[in-house]
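If you read the protein sequences in the order shown, they are chains U and D.
The opening residue of the first sequence carries number 13 in this note's numbering; numbering runs sequentially from there.
The opening residue of the second sequence carries number 254 in this note's numbering; numbering runs sequentially from there.
These are calculated hints, taken from the structure and not from any lab test.
In this text the structure is predicted, and so the values were computed from the model without any measurement.
Don't take every hint at face value.
[To be verified] Listed below are the simulated DSSO-like cross-link pairs for lysine-lysine, each with C-alpha atoms no more than 30 Å apart in a straight line: (1) U/Lys69 - D/Lys256; (2) D/Lys324 - U/Lys69; (3) U/Lys83 - D/Lys324; (4) U/Lys112 - D/Lys324; (5) U/Lys83 - U/Lys21.
[Stated by the list, open to error] Not close to chain D: a few residues of chain U, all C-beta gaps over 12 Å, as computed: (6) Gln18; (7) Lys26; (8) Thr27; (9) Gln29; (10) Met31; (11) Gln49; (12) Asn74; (13) Asn77; (14) Arg80; (15) Pro95; (16) Ser96; (17) Asn107; (18) Gly109.
Glycine included, each C-beta is placed from N, C-alpha and C at the ideal position.
Take a look at the letters that make up each chain.
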Amino acid sequence: NAGVTQTPKFQVLKTGQSMTLQCAQDMNHNSMYWYRQDPGMGLRLIYYSASEGTTDKGEVPNGYNVSRLNKREFSLRLESAAPSQTSVYFCASENRGREKLFFGSGTQLSVL
Amino acid sequence: SQKIEQNSEALNIQEGKTATLTCNYTNYSPAYLQWYRQDPGRGPVFLLLIRENEKEKRKERLKVTFDTTLKQSLFHITASQPADSATYLCAHISDSNYQLIWGAGTKLIIKP
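Pulled out of the complex, with its shape left as it was, chain D reads as follows (with noise of 0.2 Å):
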């Protein structure tokens, strides 16, 4: 079956520091890759899409990588903010109903 893993540990990143999220998934090659942010108590926000035959993406301090050899997805934040600390989620669709399939997401927490 098809799942997408994400580092269940939270990510601690100094303030001013490029902050690095991984998205691996397993048995399929999905088209695309979207990334999303959820803060607490709230529903998760669009952030980027990344095609299969787009190697990286950017939007403003934010930048999306896809590697369909490794099967994995990078989501860096740039000179971060604790603005920036949030549950960060990446998804795909699925093949066999074209529903996105969701990763459990990481906690970024940035120190000031």
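Extracted from the complex, chain U is given alone in its bound form (with noise of 0.2 Å):
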């Protein structure tokens, strides 16, 4: 059982270079999520995509942009990196009945 598959575990960018962080499920799940998790905080909603062909933002999204290419892949873009945006980020997806997460292992970001 593969569930959320986050890609890549580990990335270090300079200022103002751009990535794209890759995010796939497995479990048929419409919703799917990308969250950060800074030291102290709790995880904070970047953007979620209700649907195939839907997304929205969420508390933190300045800086980034989603897409969702169907129904198992969702993938988040940083078009140029700024050290504010060093973090971990986590993909997850959740069942139909939306009583649970299921979240990938995690991106760790640095950005110099």
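Put the two chains together into one complex; each comes in its own frame, and the hints tell you how they fit.
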């Protein structure tokens, strides 16, 4: 059971560089999410997608873009990375009853 | 604004004792609360969901209570084991965008 697969696991960027974080789930879930986790803070929602073809902003969307490529895949793009985007990023999908989230293993991103 | 508070200090418990973690929320009465476990370098893993009309929920050695008057949920691990050492997160649905709001988590350390 793969669940939610996230790549890469680690990434170091220079300020101004761009990158895309990839996420795929094999549970046939409609809803998918991107969160960031910073020390001493709760998970903060960046963007979410309630279904294929739709995306919505979360609490902290500035500096990010997303693409819901199909039902399985939801990618997060940093167009011009900034040091403030240094964080751990998690992708998650949600079961149909909205009772639980399934998380990927995370991407540790450092922007120098 | 809605907020979830969890004790930021690590909780040290002797093996075999009961560990109790607290989740307090403000300004809103959520329909349910979720609890997750997070190990270092991993994504959160769902443990339990408790609804507002449920006073208590159990799963093996885990017990969650939900007091809507105190605006508090308690998470208990009985007969604690070193393998229970992890960070435990609570979350509830926001009434503004129906997405989860997360506490920062409490680190639990079970000493042999």
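Status of the hints after comparison with the structure:
no. : hint                : verdict
1   : U/Lys69 - D/Lys256  : holds, 19 Å
2   : D/Lys324 - U/Lys69  : holds, 28 Å
3   : U/Lys83 - D/Lys324  : violated, 37 Å
4   : U/Lys112 - D/Lys324 : holds, 21 Å
5   : U/Lys83 - U/Lys21   : holds, 22 Å
6   : Gln18               : violated, 8 Å
7   : Lys26               : holds, 24 Å
8   : Thr27               : holds, 25 Å
9   : Gln29               : holds, 24 Å
10  : Met31               : holds, 20 Å
11  : Gln49               : violated, 9 Å
12  : Asn74               : holds, 16 Å
13  : Asn77               : holds, 18 Å
14  : Arg80               : holds, 16 Å
15  : Pro95               : holds, 22 Å
16  : Ser96               : holds, 18 Å
17  : Asn107              : violated, 9 Å
18  : Gly109              : violated, 10 Å
Of the numbered hints given earlier, the model fails hints 3, 6, 11, 17 and 18; all others are met.
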